[in-house]
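Keeping the supplied structure of chain A fixed, place chain B upon it in accordance with the hints.
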Amino acid sequence: MTDTRDEPAPALLSRREFLKKAGAGAAALGVAGATAPFSFAGPLRYKGRWLSGSLTALTWVHFVPSYDQWLDPWAKAWGEKNDVQVTIEHINNALLDTRAAAEVAAQSGHDLFFNLHPMAVYEDQVINHSSIIKEVEAKVGKYLPIAQQSTYNPRTKKYFAVSDSYVPDPVVWRHDLWNAVGESPATWDHVKAAAPKLKAMGHPIGIGQSQEIDSNMALIAFMMCFGSFIQNENNKPTLLTKNTIDAVKFMAEIARTGETNDIFSWNGNAAANNNYLYAGTASLIFNAISATRTPESGAAGGQYADDLWIWPIPAGPHGRIGLEHLMGCWSIWKFAKNRPAAERFLADLCIAGKDATIQSQLYNFPTFANAMPFKEIRKVAAADKHKPLGKYTILTTIAEKYTHNIGYPGTTNAAIDEIFQKYLIPQMFAQVSQGKLSAEDSVRHTNTAIKDIYAKWRKRNMLA
Amino acid sequence: MTVALRRRMFQYGVVVPFAIVLAFPFAWMAVTSLKPEGQVYEQSKTWTFSPTLENYGYLLHHTGYMRWIRNSCLVGLAVVLITLAIALPAGYALARLAGRVGRSLGVGIFLTYLVPPTLLFLPLSRVVSELHLGDRLWSLILVYPSFTVPFAIWLLMGFFKSIPQELEDAALIDGCSRLGALVRIVFPISAPGILTVVIFTFSLVVNEFVYAITFITSSANRTLTVGVPTDLIRGDLYNWPGIMAAILIPSIPMALVYNAFLNRFITGFTGGAFR
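So the protein sequences, as listed, match chains A and B. Residues in the first sequence are numbered consecutively from 1, following our numbering. Residues in the second sequence are numbered consecutively from 1, following our numbering.
This is chain B alone, in the form it adopts within the complex:
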């Protein structure tokens, strides 16, 4: 057996079991989403069942599913824009602030990310109420940056630090303003970091539950994470096929986006690690 073959066998030996374990939840979701509701609890029908698309039909025509997705996307996009608008200049400024002050500020900002929503939702309820944003998507757009911005600043700060100062100096010597150097030189080089922030922020927002359940009550304004457990669990009856279909649909595009930008994503996360 050649060394190359052995190496390949070892690689596959590691990767294949991992792939199976990681793919299993998706396969299970797909299979369950195609089962008739009555057959979900029948152990004899685990793999042998009569497949149906009824659950998808129910989801699309008898629940507010498309509205929940639209709401999640609206909030997600708005929060991504706000996060970028704040985190890009803040991350850059902190990266270029030499010495202990910059480091301490960076760590301080990141620490705020660690305060859990389960502690913050009570005081934030008051804020939302005072601003008359209760049961409106704007409440989420206001609150979500409180945890997306610190993380994004911290991530971008590390990334900007990995960009040599000399590149900006060269741009300034060539006649660029500070903003011009940022827009023409720093941001384009930082695309993997910015992309990571976009994807990560969007994922965080779409997955968030505590604030969404606290600030939004009407079915029309629910986001996906709240709509699914509220409208697809009727008392003690879990509409498992519907729940699985509801989760599978958004997870496919998310998985594709992650895969499409995998290399940039990894670069974004490790950007500041090898300085």
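With the rest of the complex left out, here is chain A:
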């Protein structure tokens, strides 16, 4: 037993003192409780003005800060025009899925919810957005196929989201380093050949194999270049093929000879590969143009800004087939408190697609054909003064020719969404790259898991 008897005896409370202090404490708590809504919730924004309602929206902290600097005032102005108090809340992109799960569980939350991938698993929880899409189409042209494939369920004939934008996914590479080893990332064979030399120079490749969105996109796109697809055009699973096994072996070889264990440690952090580049370590990553815009702004990695080139995905045996980097998707929950305002806001935001594209510095591409046609985007890209001059013009080619939805050649559906959210593909690659499983076993195990997922959603009538 510990001896506490040597310590001085603490002053004792009399019963009266005890009751007095307890009473004072309870009173303080009571006062705090009574005033809590005011002291905790902050001041009213439109004090003294009658409003027809309020609208809450949750979105991410955009990778290009100028976009948020445009969106927030735009939303405020929209609210004033429509007599609605709009509250836009921004959270870190890695927390969006957690937040969505919580809102669905609570059947309460924001009226509008933005995510970086189509939330097909929540199709039952959201309204059919078809009327919004029709309205926007009437103003700014056709909904692009990539958006249609990403947000429409042909089985239930329901639009489970509206995509206002998508983000092309180029390969971002350090020209100075690649030049030093006499290579360029035109094909995956070139990447494999250059990887050991670049790693020996202290500049490994930075294609992640972690549980985060960039690893997901890069590896699924890589598989497609090898003729490996998670599903076919009828949304039937097709993972277990020789092409998939070859692709996994190929990437494991790149990881072994040209990458470091860093690529397995980026769980939940989609910006890890960006930071790998800014620190001057990585020689190549897959990323949207935020990876070049940030160094250009001088905020991080500015010394490499002029040496960062962007190209389409390297070609594989099956060609050059890429994915979008992010698919900006807004959903209106069935439990949204102000559905009319949410629908109006969303339609107007899509109609303002051109402003969004420009303010995001060509990070966002609009999903409605005439919001800002490719020709116009190319002009803006060509006028960009950052070195090497004209480097952003390739973005429109990437967007038009090499950018597909997750689940290509099928649609983005609940099964694909679940596979995506569980990071089964990065896991499949990592197990082989880390030597834990053979390529054959890893693909077989993943295929079993994927088939179970498809069966589950088929049972729920969400898949044909």
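These are calculated hints, taken from the structure and not from any lab test. From a predicted model like this one, the values you see are computed outputs, not experimental measurements. Hints may contain errors.
Partial pick of chain A residues on the chain B-facing surface, computed with a CB cut under 8 Å [stated by the list, open to error]:
1) Ile91
2) Ala106
3) Gln107
4) Ala300
5) Gly435
Chain A regions said to be covered by chain B (calculated; three or more residues, Cβ under 8 Å) [said to hold, decoys possible]:
6) 79-90
7) 135-142
8) 270-283
9) 440-453
C-beta: ideal position from N, C-alpha, C; glycine also.
Then chain B, alone, in the frame of chain A:
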């Protein structure tokens, strides 16, 4: 070489490397918090840089930092009070409940502490919503005791068991009521245990992330753990100096409190271990 000198050299040989390893993160935080943002990624500027207090200025004047700290402290204090109010009588009662029932109840209560928030946040979201506490600090004050109370009960139970029953009996014979014996005899002797519960509960609450990110959305109501990653990471751009400054500021008083009460803290944790 004398035995005393050898012993001292051995002690320092063990303690100094430990101290360096444990102090390094704090030193790194302090150094990074004084760097200009543009120099963080420059490897040549790891130790040679132009120190600046700009990051602290940014934190205090351009973010809701002081509000996040205030929110964390408010929630922390409220949860500490609730935890003590429940855990003190519960821990005492379980300690004095002789036999298998008391032991089983104690173990059962502790097991609830082991259920991770990543499992509980979904059902608790519903509870918070039904009570209309979404995006209010009261949601955290309601939910946090679900993991602080079990641990506190378990800790206090062990501590109360180490207090001889005879002391209470003597107080009762001298005319004290049961409550009087508790307040005048048991609680004062249990100060190290109670202090441990206070510090531990406060630390748990201030460090909690999952519930805070789930139940709180507006910047005004964010706590420190949510405010820092949300407002100091702008997309792919980590404001490392700001983040380091934001973490360093609260960690200093916490470290001082831990040090000031170190002996009592150790007593509190080991209170029930030597019975």
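Now the hints, each set against the structure:
Look at A/Ile91: its Cβ gets to within about 6 Å of chain B, closer than 8 Å, so that hint holds up. Of the supplied interface hints, the one on A/Ala106 holds, with its beta-carbon coming within about 4 Å of a beta-carbon of chain B, less than 8 Å. Contact between A/Gln107 and chain B, as hinted, is supported at the beta carbon level, the nearest pair being about 7 Å apart and thus within 8 Å. Checking A/Ala300 against chain B by beta carbon gives a least distance of about 5 Å; that is within 8 Å, so the hint holds.
A least Cβ separation of about 29 Å between A/Gly435 and chain B goes past the 8 Å threshold, and the interface hint is therefore violated. Chain B is given as covering the stretch 79-90 of chain A, and this holds because 3 residues of the stretch bring a CB closer than 8 Å to a CB of that chain, at least three being needed. Counting residues of the stretch 135-142 of chain A whose beta carbon lies closer than 8 Å to any beta carbon of chain B gives 0, which falls short of the minimum of three for the stated coverage. Counting residues of the stretch 270-283 of chain A whose CB falls under 8 Å from any CB of chain B gives 7; the rule of at least 3 is met.
Beta-carbon proximity to chain B at under 8 Å applies to 0 residues in the stretch 440-453 of chain A; the threshold of 3 is not reached and the given coverage is violated.
Violation of the numbered hints given earlier is confined to hints 5, 7, 9; the remaining hints are satisfied by the structure.
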